[in-house]
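Novice: Each chain, letter by letter, is given below.
There are 2 protein chains.
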Amino acid sequence: MKISLETLSKDLLAGNRRALARAISVVEDGGSDASDLVKSLFSYTGRAHLVGITGSPGVGKSTLVDALITEIRKSGLKVGVLAVDPSSPFTGGAILGDRIRMQGHTLDKSVFIRSMANHNQAGGLGLATYDAVRMLEAAEFDVILIETVGVGQSELAIAQTADTTILVLMPGSGDDIQAIKSGIMEIGDIFVVNKGDLPGANKSASEITSSLELSSFANDWRPPVIVAVSETGQGIDSLWSSLQEHFKFLKESGVLLNRRKAKVQAELAELVAARARENLKNSMESSDSVQQLLEQILDKKVDPHTAAEGLIQDLFRARD
Amino acid sequence: MKISLETLSKDLLAGNRRALARAISVVEDGGSDASDLVKSLFSYTGRAHLVGITGSPGVGKSTLVDALITEIRKSGLKVGVLAVDPSSPFTGGAILGDRIRMQGHTLDKSVFIRSMANHNQAGGLGLATYDAVRMLEAAEFDVILIETVGVGQSELAIAQTADTTILVLMPGSGDDIQAIKSGIMEIGDIFVVNKGDLPGANKSASEITSSLELSSFANDWRPPVIVAVSETGQGIDSLWSSLQEHFKFLKESGVLLNRRKAKVQAELAELVAARARENLKNSMESSDSVQQLLEQILDKKVDPHTAAEGLIQDLFRARD
Numbered sequence: 015m016k017i018s019l020e021t022l023s024k025d026l027l028a029g030n031r032r033a034l035a036r037a038i039s040v041v042e043d044g045g046s047d048a049s050d051l052v053k054s055l056f057s058y059t060g061r062a063h064l065v066g067i068t069g070s071p072g073v074g075k076s077t078l079v080d081a082l083i084t085e086i087r088k089s090g091l092k093v094g095v096l097a098v099d100p101s102s103p104f105t106g107g108a109i110l111g112d113r114i115r116m117q118g119h120t121l122d123k124s125v126f127i128r129s130m131a132n133h134n135q136a137g138g139l140g141l142a143t144y145d146a147v148r149m150l151e152a153a154e155f156d157v158i159l160i161e162t163v164g165v166g167q168s169e170l171a172i173a174q175t176a177d178t179t180i181l182v183l184m185p186g187s188g189d190d191i192q193a194i195k196s197g198i199m200e201i202g203d204i205f206v207v208n209k210g211d212l213p214g215a216n217k218s219a220s221e222i223t224s225s226l227e228l229s230s231f232a233n234d235w236r237p238p239v240i241v242a243v244s245e246t247g248q249g250i251d252s253l254w255s256s257l258q259e260h261f262k263f264l265k266e267s268g269v270l271l272n273r274r275k276a277k278v279q280a281e282l283a284e285l286v287a288a289r290a291r292e293n294l295k296n297s298m299e300s301s302d303s304v305q306q307l308l309e310q311i312l313d314k315k316v317d318p319h320t321a322a323e324g325l326i327q328d329l330f331r332a333r334d
Numbered sequence: 015m016k017i018s019l020e021t022l023s024k025d026l027l028a029g030n031r032r033a034l035a036r037a038i039s040v041v042e043d044g045g046s047d048a049s050d051l052v053k054s055l056f057s058y059t060g061r062a063h064l065v066g067i068t069g070s071p072g073v074g075k076s077t078l079v080d081a082l083i084t085e086i087r088k089s090g091l092k093v094g095v096l097a098v099d100p101s102s103p104f105t106g107g108a109i110l111g112d113r114i115r116m117q118g119h120t121l122d123k124s125v126f127i128r129s130m131a132n133h134n135q136a137g138g139l140g141l142a143t144y145d146a147v148r149m150l151e152a153a154e155f156d157v158i159l160i161e162t163v164g165v166g167q168s169e170l171a172i173a174q175t176a177d178t179t180i181l182v183l184m185p186g187s188g189d190d191i192q193a194i195k196s197g198i199m200e201i202g203d204i205f206v207v208n209k210g211d212l213p214g215a216n217k218s219a220s221e222i223t224s225s226l227e228l229s230s231f232a233n234d235w236r237p238p239v240i241v242a243v244s245e246t247g248q249g250i251d252s253l254w255s256s257l258q259e260h261f262k263f264l265k266e267s268g269v270l271l272n273r274r275k276a277k278v279q280a281e282l283a284e285l286v287a288a289r290a291r292e293n294l295k296n297s298m299e300s301s302d303s304v305q306q307l308l309e310q311i312l313d314k315k316v317d318p319h320t321a322a323e324g325l326i327q328d329l330f331r332a333r334d
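Going line by line, the protein sequences match chains P and Y.
Numbered by our numbering, the letters in the first sequence go through residues 15 to 334 in order.
Numbered by our numbering, the letters in the second sequence go through residues 15 to 334 in order.
One thing to keep in mind: the hints can contain errors.
Identical chains share a label here; the pair holds if one copy fits it or two copies do between them.
[Said to hold, decoys possible] Result set (DSS-like, lysine-lysine): computed pairs, CA atoms no more than 27 Å apart in a straight line:
no., residue 1, residue 2
1, K295, K92
2, K53, K265
3, K88, K275
4, K314, K24
5, K123, K92
6, K315, K123
7, K92, K262
8, K24, K262
9, K262, K277
10, K314, K275
11, K315, K88
12, K217, K265
13, K265, K315
14, K123, K217
15, K295, K315
16, K314, K262
17, K314, K217
18, K53, K217
19, K24, K295
20, K217, K277
21, K92, K24
22, K314, K88
Hints in this document: simulated from the structure, not taken from any laboratory.
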């Protein structure tokens, strides 16, 4: 028997972990159930510190997350983790989360780890991440780590649903240089050179530091560069201090409010665009004039760009 | 001095390679120049055979493409290659194309290889791929290979801009089993077990074949499973025969027209959605009522889903 969304909300607010898992599945699936659940729980959100963790595959993000959970738990705070993989139906998103889950937080009721993979349309996982974070917030998790598998466009978008973004690099990978070149540095609030026991770790760290010194910043925060060895826990205490310091900075400077406003604006635009696309797909199937337009394109009488311009005008005029 | 789009079109149609390279850059950048260029060249498109090549990283897609170019060139046809990487700003899309370019087709004027990486928004690369293919078609390339780096959602979408999709697997990777499980098999018109000299190649091939025998197909094409060794060229002649056979099948059965219609429909929906999103982002910045809505969301008085529903209604009523 299907339990009602109302019961689900109540159970989640009461701290029931199964309800939380269930609620995240509901928002992952999207649709009106997802919207209804978000509506009923929205007033309980907004207090957690959202931390995005991103970097190339192989730099040790999962191990870093594991060590960070242990560190944060020392302070008694509740930690939620979303391991998000927008990319591959082959590798799946489950791998990350499972690996962490096995490493000893299973019995800790103040830790909740969840993997999310992309089984929906483009844009869908980003929107689902916003809502999954909300479920964790409503369940009173204090720090929510959003880990992405790689540093692709969709992963960067997901990492940027966070308040604080940690960019993880490793020595000798050339990622540091690439990061500097590609302008990806801008997204990092905190830099971690992981696997800091490998040769070249300090060199990497100082290169990043110098490149940051040359950068201009939109606000008064100077991103720290932390050398860490996640396996042994070295540097993880500094990372946690930096995270707390950054959250404090965000709140006191008013940057938090601005960032969250920008995020809400981006989410709204995506929500509306996703719905517009859906409306459009439905109306295309049933519209004779759209079907005629398609024929004309196939006959090379009209090109798709001209056709799209016409459709836009119709679309924005049509409903009254 | 900037040359005009008109000159660019003419030069491209006259077979000028630099103009072709330039035109692809224009459509990659998007905007009104891209639209204008597509409009002026659209009537020259639609004749080429578009072949998508996808599969996990490491299965040897680039080497396969290289061998396939050599094979196709024996028949005198012109081959265009788009190596598309929607995922990573770190690895970049250039790697693939560069690797192929070095392998001996550089001096062959009937081969054109181009890498495209995702430096724009989500969805943007898919749309740019449609248009880049059009530039190659207008320049009279007969076969256009569209290679993607991985098998993520965006890569699958890109591979499916093709008429024929080749799914590349390798023995012992577990990808064959994963592919069967994940339902990804459905997208393959031709299967290649690459690195066919590795142990287990024939076993992989027969597992795929059995799983295909259990599948139902939307049309009368039974996907062949080809064991190939791209390094030595083994199996590449069968692959090329299968490609030609599939193209013939598509044309004679009428499936080609249906697929192209579906593709145009998908492209139109994406074009309109992309433009709707852009309009929305612009109007949000300047709209007092949207700014008030954002404040209400931040104050937890309205949730984003309810807000989006309201905006949708306004949007579809607003312009007259």
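Novice: Now tell me, hint by hint, if it's right for this structure.
Specialist: Here is what the structure says about each hint:
1. Within a single copy, K295 and K92 get their C-alpha atoms no closer than 42 Å, and across copies no closer than 36 Å, so neither meets the 27 Å cut-off.
2. For a Cα distance limit of 27 Å, the shortest separation of K53 from K265 inside one copy, 25 Å, qualifies, whereas the shortest one across copies, 50 Å, does not.
3. For the identical chains of this complex, K88 and K275 are neighbours neither inside a copy (32 Å) nor across copies (59 Å), given an alpha-carbon limit of 27 Å.
4. When the C-alpha separation of K314 and K24 is checked against a cutoff of 27 Å, the pair qualifies only between copies, where the shortest distance is 19 Å, while the shortest distance within a copy is 57 Å.
5. Taking the shortest Cα distances, K123 and K92 sit within 27 Å of each other inside one copy (9 Å), while across copies they are farther apart (62 Å).
6. Neither within a single protomer nor between protomers do K315 and K123 lie at most 27 Å apart by alpha-carbon distance, with minima of 63 Å and 31 Å respectively.
7. In this homomeric assembly, K92 and K262 come within 27 Å of each other (Cα to Cα) only inside a single copy, at 18 Å, whereas the closest approach across copies is 61 Å.
8. Taking CA atoms no more than 27 Å apart as the test, K24 paired with K262 passes in neither setting, with 31 Å inside one copy and 60 Å between copies.
9. Taking the closest pair of Cα atoms, K262 and K277 come within 27 Å of each other only inside a single copy of the chain (19 Å); across copies the shortest separation is 50 Å, beyond that limit.
10. Only between protomers do K314 and K275 lie at most 27 Å apart by alpha-carbon distance; the minimum there is 12 Å, versus 45 Å within a single protomer.
11. In this assembly of identical chains, the alpha carbons of K315 and K88 never lie at most 27 Å apart, being 68 Å within a copy and 35 Å across copies at closest.
12. Taking CA atoms no more than 27 Å apart as the test, K217 paired with K265 passes in neither setting, with 33 Å inside one copy and 59 Å between copies.
13. In this homomeric assembly, K265 and K315 come within 27 Å of each other (Cα to Cα) only across copies, at 20 Å, whereas the closest approach inside a single copy is 57 Å.
14. Taking the shortest alpha-carbon separations for K123 and K217, neither the intra-copy value of 40 Å nor the inter-copy value of 45 Å comes in at or below 27 Å.
15. In this assembly of identical chains, the alpha carbons of K295 and K315 lie at most 27 Å apart only when taken from the same copy (22 Å versus 32 Å across copies).
16. Only between protomers do K314 and K262 lie at most 27 Å apart by alpha-carbon distance; the minimum there is 21 Å, versus 59 Å within a single protomer.
17. In this assembly of identical chains, the alpha carbons of K314 and K217 never lie at most 27 Å apart, being 58 Å within a copy and 46 Å across copies at closest.
18. Proximity of K53 to K217 under the C-alpha cut-off of 27 Å is found in neither arrangement, the shortest distances being 49 Å within a copy and 52 Å between copies.
19. In this assembly of identical chains, the alpha carbons of K24 and K295 never lie at most 27 Å apart, being 36 Å within a copy and 36 Å across copies at closest.
20. In this assembly of identical chains, K217 and K277 lie within 27 Å of each other by CA distance neither inside one copy nor across copies; the values are 35 Å within and 50 Å between.
21. For the homomeric pair K92 and K24, the shortest alpha-carbon distance inside one copy (19 Å) is at most 27 Å, but the shortest distance between copies (64 Å) is not.
22. Proximity of K314 to K88 under the C-alpha cut-off of 27 Å is found in neither arrangement, the shortest distances being 66 Å within a copy and 31 Å between copies.
In the structure shown, a violation is registered for the earlier hints numbered 1, 3, 6, 8, 11, 12, 14, 17, 18, 19, 20 and 22, in ascending order.
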